[in-house]
Amino acid sequence: MTVNPSLAAASSAEVAEDGKAAALLRTEDLTIRFGGLTALDHVNFAVPRSEVCAIIGPNGAGKSTFFNCLTGVLHPTSGAIFFAGADITGLPPNKISQKGIARSYQITNILPNATALENVRIAAQSRRHSWSLFSHHRAYRDIIEKAEAALDSVGLLGKAGEPAANLSHGEQRTLEIAIALATEPQLLCLDEPTAGMSAAETHDTVQLIRRVAANLTILIVEHDMHVVMELAGRITVLHYGAVLAEGTPSEIQQNPRVIEVYLKT
Amino acid sequence: MRRGHGTVFWTGFAVIVALLIAAPLVLTEFWRRFVTEILIWGLLAMSSDILIGYTGMVSFGHSAFFGLGMYGAAAALLTIDPPNLWLALFYGLVAAAAVAACVAYFSTRLRDIYFAITTLIFSQIFYVIIFTWTAVTGGENGLAFERPPLAIPGLFDFVLTPTRLHWFVLAVVAGSYLILRRITQSPFGMVLQSIRENEARTRAIGYAVERYKIVAVMLSGLFAGLAGVLYALQNQFAAPDFVFFLVSGETVIYNVIGGIGTLVGPIVGAAFFLLLREGLSRFLTQYYLIPLGAVFIAIVILMPQGLLGFMRRWLNE
Ligand SMILES: Nc1ncnc2c1ncn2[C@@H]1O[C@H](COP(=O)(O)OP(=O)(O)O)[C@@H](O)[C@H]1O
Ligand SMILES: [Mg+2]
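Here the protein sequences come in this chain order: A and B. Everything in the first sequence is counted per my numbering, starting at 1 for the first residue and increasing by one. Everything in the second sequence is counted per my numbering, starting at 1001 for the first residue and increasing by one.
Treat the hints with caution; some may be incorrect.
Below, a sample of chain A positions facing chain B; criterion: calculated Cβ distance under 7 Å [to be verified]:
{"id": "1", "residue": "Ser97"}
{"id": "2", "residue": "Thr108"}
{"id": "3", "residue": "Asn109"}
{"id": "4", "residue": "Leu133"}
Please keep in mind that the hints were generated in silico from the structure rather than gathered at the bench. Heads up, the beta-carbon is just placed ideally off N, CA and C, and yes, glycines get one too.
Make a model of the complete structure from these sequences and hints.
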């Protein structure tokens, strides 16, 4: 029963590399408690590289809390998070962003008084030139071009000069995605990206996510079942902070426990 | 359009600098000194705008940076023979930077009112040290010293007359304005404004917010210290009154009156406030603070964006 400690250490790193089909993101017994409330309860979860994974579950299941743990906003009570083979548990949000995880928020979270372009430009700038003090920010064409490309990819280039607060709700939700894309992430986490959108806007957003998914790994939390079924290759169902079920969309649709707690209501 | 805006800016800048160059030639000594001091207080206010207006952190500790710049200059002018202007600048900036590093390290972890209170407490600590450490600082009486010459060995050597001092102050303040303006437009400056708009979001897109805040406080403290050095040169003394929190409070008032987040606004605010105080105190002797307070409240209520913001909107209409 004696295990060579160096071997044990090596194997835990390799699980991420080739164990679970090269999972880009993996959580191990991720648990967080707020006082008496266990918002996440030993969540074991993995997102394979290049896939679109979805998390669904009733309101208050812990979906946003899960994102907050992944992105360093909240520190888990116990458990670990691995990204691209490295332990990122407890890192602050800025470090996690630099490692390649970007997110959008359930409640729109932008710079309201800055233009749409500046919202995206400042995100692009976080990778380069951000400590330059004596050059005008417009002198860095590479950053502006990257920002314009991100705006273009979500169809907002026409609104580049518009203050973000003047954009419609749907446009602000899309701007969120552009901001996340401008940081050139490996993993994009979207928290209810279609919340509050009209049917037409929802349709456009689904198309957008599908386009973006060509070069990225995506983890999406969504309320709209049609959106999830259309986009996700794998679905995880959270219920009271614990994983209730996991599988392909059709497996989830037929899972009796899932139907009982979620799909029926 | 953009080019047009630039032309307007540089024309305006040149006209104002030209007027300020001519000022000591036409004004009496009293008003010459008044204008020089407005420039110095304006620089102090402008330095604090980097925090208040651009980063969204209200500092009530700028008197410490200003005062340490002043005492640093005093130390150089009293200990080095012959007195050297550049060493006075150097000592003043080093002293201010040391205090700023200390304040930055401890206070930038805190936000909003907690940041403001920490800066206030720090400045009062320095006030108490300076007030009580009589052997070194002269305590309540402060330190008096001679003005150094304006000289570069081998190039020129001028006696620093009041008029030349005015020009020297003008050059430093105008240069500082251009540097600060450029910093606010730089990638770094844009990060500060992003922190002001939405700190959590700024962190989430990958910025180590605390580090940017520390550098912002250091920069702000450095320029406030520069103002302190200039004030030492102008008045040829350093006194603990200038480290007292009233100076910090007035700095914030200049910003609010003139318009935060504009750099020029705080200078306008300082000029307006000092002129108004001068005028009112002549007519109303000790009661001048009452109408001064009333004007301040009226400005805050009627022109929430300050005098400059108000004038801008008025010009656009
Ligand atoms: N910072 C927090 N402090 C205390 N309780 C929290 C906090 N964040 C979330 N919760 C609680 O955790 C539970 C899960 O919330 P959340 O993750 O927002 O659910 P979902 O996104 O699945 O609707 C809820 O009961 C919520 O009230
Ligand atoms: Mg949620």
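Hint-by-hint comparison with the structure:
For the restraint placing Ser97/A at the interface with chain B, the shortest Cβ-Cβ distance is roughly 4 Å, inside the 7 Å limit, so the hint holds. Interface hint at Thr108/A: violated, since its Cβ lies 10 Å from the closest Cβ of chain B, which is beyond the 7 Å cut-off. Checking Asn109/A against chain B: minimum C-beta separation of about 5 Å stays under 7 Å; hint holds. For Leu133/A, the interface hint holds, since its Cβ comes within 7 Å of a Cβ in chain B; the closest pair sits about 5 Å apart.
Hint compliance for this structure: hint 2 is the single one not met.
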